[in-house]
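Use the sequences and the hints to build the structure in full.
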Amino acid sequence: MKFEKIAAPKGVREYLPPESKAFEWVREQLISPARKAGYQLMELPVFEDTSLFNRGVGESTDVVTKEMYTFEDRGGRSITLRPEGTAGVMRAVIEGNLDRGQLPVKVWYSGQFFRAERPQAGRYRQFYQVGIEAIGIDDPALDAEVIAIADRGFKNLGLKNYRLEITSLGDAESRAAHRVDLLSYVANLDLDEATRARADLNPLRIFDDKRPEIKEAMANAPILMDYLSDHSRKHFEAVKGYLDDLGISYTVNKRMVRGLDYYTGTTFEFVHDDLGAQSGIGGGGRYDGLMEVLGGQSLSGIGFGLGVDRALLAAIAENTLPTERFNSDIFLIPLGEEMKSYVLALAEKIRSEGFIAEVAFGDRSLKGAMKAADKSGAKFVAVIGGSERDSGLVELKRMSDGSSISVKIGELQMALGAR
RNA sequence: GUGGGCGUAGCUCAGCUGGUAGAGCACUCGGUUGUGGUCCGAGAUGUCGCGGGUUCGAGCCCCGUCGCUCACCCCA
2 MKFEKIAAPK GVREYLPPES KAFEWVREQL ISPARKAGYQ LMELPVFEDT SLFNRGVGES
62 TDVVTKEMYT FEDRGGRSIT LRPEGTAGVM RAVIEGNLDR GQLPVKVWYS GQFFRAERPQ
122 AGRYRQFYQV GIEAIGIDDP ALDAEVIAIA DRGFKNLGLK NYRLEITSLG DAESRAAHRV
182 DLLSYVANLD LDEATRARAD LNPLRIFDDK RPEIKEAMAN APILMDYLSD HSRKHFEAVK
242 GYLDDLGISY TVNKRMVRGL DYYTGTTFEF VHDDLGAQSG IGGGGRYDGL MEVLGGQSLS
302 GIGFGLGVDR ALLAAIAENT LPTERFNSDI FLIPLGEEMK SYVLALAEKI RSEGFIAEVA
362 FGDRSLKGAM KAADKSGAKF VAVIGGSERD SGLVELKRMS DGSSISVKIG ELQMALGAR
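Just so we're aligned, residue 2 is where the first sequence starts under the working numbering, counting upward by one.
If you are wondering where the hints come from, they were derived from the structure by calculation, not from laboratory data. A couple of the hints might just be wrong.
[Claimed, not checked] Below, a list of computed lysine-lysine pairs in the DSSO-like style, where the Cα atoms sit at most 30 Å apart:
1) 37 x 241
2) 380 x 22
3) 6 x 22
4) 161 x 22
5) 241 x 211
6) 368 x 380
7) 22 x 156
8) 350 x 368
9) 398 x 350
10) 380 x 341
11) 161 x 241
12) 156 x 235
13) 368 x 341
14) 11 x 211
Printed below as a string of structure tokens:
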């Protein structure tokens, strides 16, 4: 009987050893600046009530209209695999009453997100993001710190070929004024059907079109930044000032568009130059109406999401990954069946001292076991047979140069630490 | 969802104008008594993505399909 193989679902990105080590490292570099800034972990479900995203992310967004993994569960509830992180965090903050305590609420998260898009380089149906949210304080200094935390993560990775673009999408008042003028401008353009449909959903989208003829047509379109209210303008100027003081370089992109409806005010994007079409490695911004829309208080918030998969691709492109591979400290080879139990116990003891100890399994020849030890990258090897057990002495062999010393079995841990 | 490119051993690939599959690396074992990385020898591994067609005969040609990949779109 031969069974057919089952492949992974389309578009998922998996990280297997040895590559998983690089993934783990990248994720840690990206999130450690948030921990150091006092952000605390929030561990959330990967699926939520569908209406959370419909309302939170926005009915007009592509994410909601055509990219969500939505299904009915056994209780007849409509469930969606989370396509982004902010809506879920806000839901949990409201539900857990975190907004009733000390503000700002500062949390970080890490995990998988899901969008049913056509996969391509750097774009997967299940992808990994780390992110932070700071909720409840509307202070431009906080905006600057949030951006600085993201930037620090990328710097931790050793990345250089990326840039930070910022803009302000203004408050509701600024946007309403702009929208009127933009709609009438776009109405006079000669657009194809698909583009017209996108324009009707959200006219800002047309700013993001990559086709030269569209870019040209939009050259004289009204820019949101020219419609900012006094409050929005002052806030944005202050953010830029803080970034300057922090020595974080940026360019103001007046035509930046974000695909999630909740963004307001300060909005930013990190773009890497070596990644092909999917070049955004992180992005975020302020979302002033979101909590209220989700049934909570009217509090402002700001946060970001960083793409772990893409950051890893960027680190590979810039060749900044650390080169050391997985190494155990010692590889123990039991000689014969009767020594296995003794060696398993010895391995446990060595591990309890904080060392990484592996055991040779299977009844292979000593030569085969030595090969396995070599491939494991172990720094030391010890062969343990009856004579070692009886004498209490073992040859501790250093794999890098083949030298060995005789040590007492009971003092193996000390020898590992010393050498 | 729309296009382009590609699908041969675990990996990277070769396969002449169609004659029923190969290399390198990796893997396993061995080169005599309990010690790896080099070297030598031996071995295992493929429904040539899948289905159909043309042909005496298809990995090579045709059609379809699935998958991967890149781009559009969108975004992390």
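A quick look at each hint next to the structure:
no.: 1; hint: 37 x 241; verdict: 23 Å, holds
no.: 2; hint: 380 x 22; verdict: 19 Å, holds
no.: 3; hint: 6 x 22; verdict: 26 Å, holds
no.: 4; hint: 161 x 22; verdict: 22 Å, holds
no.: 5; hint: 241 x 211; verdict: 27 Å, holds
no.: 6; hint: 368 x 380; verdict: 17 Å, holds
no.: 7; hint: 22 x 156; verdict: 19 Å, holds
no.: 8; hint: 350 x 368; verdict: 26 Å, holds
no.: 9; hint: 398 x 350; verdict: 19 Å, holds
no.: 10; hint: 380 x 341; verdict: 21 Å, holds
no.: 11; hint: 161 x 241; verdict: 21 Å, holds
no.: 12; hint: 156 x 235; verdict: 29 Å, holds
no.: 13; hint: 368 x 341; verdict: 17 Å, holds
no.: 14; hint: 11 x 211; verdict: 27 Å, holds
The structure meets every hint from the earlier list without exception.
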